[in-house]
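A.B. asks: Next come the chains, spelled out residue by residue.
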Amino acid sequence: GAVVSQHPSRVICKSGTSVKIECRSLDFQATTMFWYRQFPKQSLMLMATSNEGSKATYEQGVEKDKFLINHASLTLSTLTVTSAHPEDSSFYICSARPAYSYEQYFGPGTRLTVT
Amino acid sequence: AQTVTQSQPEMSVQEAETVTLSCTYDTSENNYYLFWYKQPPSRQMILVIRQEAYKQQNATENRFSVNFQKAAKSFSLKISDSQLGDTAMYFCAFGETGTASKLTFGTGTRLQVTL
Numbered sequence: 106g107a108v109v110s111q112h113p114s115r116v117i118c119k120s121g122t123s124v125k126i127e128c129r130s131l132d133f134q135a136t137t138m139f140w141y142r143q144f145p146k147q148s149l150m151l152m153a154t155s156n157e158g159s160k161a162t163y164e165q166g167v168e169k170d171k172f173l174i175n176h177a178s179l180t181l182s183t184l185t186v187t188s189a190h191p192e193d194s195s196f197y198i199c200s201a202r203p204a205y206s207y208e209q210y211f212g213p214g215t216r217l218t219v220t
Numbered sequence: 149a150q151t152v153t154q155s156q157p158e159m160s161v162q163e164a165e166t167v168t169l170s171c172t173y174d175t176s177e178n179n180y181y182l183f184w185y186k187q188p189p190s191r192q193m194i195l196v197i198r199q200e201a202y203k204q205q206n207a208t209e210n211r212f213s214v215n216f217q218k219a220a221k222s223f224s225l226k227i228s229d230s231q232l233g234d235t236a237m238y239f240c241a242f243g244e245t246g247t248a249s250k251l252t253f254g255t256g257t258r259l260q261v262t263l
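Chains as they are written, first to last, in my numbering: chain A, 106 to 220; chain B, 149 to 263.
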């Protein structure tokens, strides 16, 4: 149980375009979802926290107009990187937390490469 | 804000031996959770073990156990009978309670298990 999927697993896009990453909780309802960014050989850095039906809360230094987060249902959150640039290339990981637990369940991650 | 420190960037252990990974944290909270996550080369985050701060008893999960010292704000992970499959990055994480339940990760320890 407690499986989280992410799609796509890898994406390459051209500079200036937008890319959407989906995060789904497959067998539980996630009241809260989280988006992280991980640079090579570094730790996970929280970008934002999203609660179903409300606006996401962004961490300091994260541009909310660049990283659009939508949590439209209890099983789906999306991260859209708008007008992507090479410096946005990174590994993006989502996690989901069910209402009954403080534990977060992680997706397999999405590797974004902006050329 | 919470901080998590992992002072060992890399560790090596021989198969079947025991290794301890260190983690310290700083917080003014009294109630919280602590986690150890494993990130193998696939980059999927896997929960290894968790500890509730209000519990004095150290958590154990098969070959994995923790030494939780609340007053010292220390949370080390002991891996017994190390296996080649234990080779991975290990992240210590501080988990908030309450609505947000955000995780703050340490910088990670790369563990290599050798023959």
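Calculated from the structure, these hints are not laboratory results. Treat the hints with caution; some may be incorrect.
Result set (BS3-like, lysine-lysine): computed pairs, CA atoms no more than 25 Å apart in a straight line [to be verified]:
1. B:LYS203 to A:LYS160
2. B:LYS250 to A:LYS146
3. B:LYS203 to B:LYS226
4. A:LYS125 to A:LYS171
5. A:LYS169 to A:LYS119
6. B:LYS250 to A:LYS169
7. B:LYS203 to B:LYS221
8. B:LYS218 to B:LYS250
9. B:LYS250 to B:LYS203
10. A:LYS146 to B:LYS218
11. B:LYS250 to B:LYS221
12. A:LYS171 to B:LYS250
13. A:LYS125 to B:LYS250
14. A:LYS119 to A:LYS160
15. A:LYS146 to A:LYS160
16. B:LYS218 to B:LYS203
17. A:LYS125 to A:LYS169
18. A:LYS171 to A:LYS119
Bear in mind the structure is a predicted one, so any value in this text is a computation, not a measurement.
A.B. asks: All hints are to be evaluated individually against the structure, with a verdict given for each.
C.D. replies: Do the hints match the structure? See the list:
This hinted pair does not check out: LYS203 (chain B) and LYS160 (chain A) have alpha carbons roughly 34 Å apart, beyond 25 Å. The hinted pair formed by LYS250 (chain B) and LYS146 (chain A) meets the criterion: a straight-line CA distance of about 22 Å does not exceed 25 Å. Note on LYS203 (chain B) and LYS226 (chain B): the hinted pairing holds, with a Cα-Cα distance of about 18 Å set against a maximum of 25 Å. At most 25 Å may separate the alpha-carbon atoms for a hinted pair to count; LYS125 (chain A) and LYS171 (chain A) meet this at roughly 12 Å.
Only pairs whose Cα atoms come within 25 Å are accepted, and LYS169 (chain A) paired with LYS119 (chain A) is accepted, the gap being roughly 21 Å. Our distance criterion of 25 Å between C-alpha atoms is met by LYS250 (chain B) and LYS169 (chain A), whose separation comes to about 18 Å. The straight-line distance between the Cα atoms of LYS203 (chain B) and LYS221 (chain B) is roughly 14 Å, inside the 25 Å bound, and the hint therefore holds. Simply put, LYS218 (chain B) and LYS250 (chain B) have alpha-carbon atoms about 19 Å apart, close enough for the 25 Å limit, and the pair holds.
Between the alpha carbons of LYS250 (chain B) and LYS203 (chain B) the distance comes to roughly 20 Å, so the proposed pair stays at or under 25 Å and holds. Restraint check for LYS146 (chain A) and LYS218 (chain B): not satisfied, since their Cα atoms lie roughly 29 Å apart, outside the 25 Å limit. Only pairs whose Cα atoms come within 25 Å are accepted, and LYS250 (chain B) paired with LYS221 (chain B) is accepted, the gap being roughly 18 Å. Restraint check: the Cα-Cα separation between LYS171 (chain A) and LYS250 (chain B) comes to about 22 Å, which is no more than 25 Å; the hinted pair holds.
About 23 Å separates the Cα atoms of LYS125 (chain A) and LYS250 (chain B), which keeps this hinted pair within 25 Å; it holds. A hinted pair counts as satisfied when its Cα atoms are at most 25 Å apart, and LYS119 (chain A) with LYS160 (chain A) does not qualify at roughly 28 Å. For a cut-off of 25 Å, the pair hint linking LYS146 (chain A) to LYS160 (chain A) is broken: about 31 Å separates their Cα positions. In summary, the hint linking LYS218 (chain B) to LYS203 (chain B) is supported, as the alpha carbons are separated by about 10 Å, within the 25 Å threshold.
The straight-line distance between the Cα atoms of LYS125 (chain A) and LYS169 (chain A) is roughly 14 Å, inside the 25 Å bound, and the hint therefore holds. Between the alpha carbons of LYS171 (chain A) and LYS119 (chain A) the distance comes to roughly 15 Å, so the proposed pair stays at or under 25 Å and holds.
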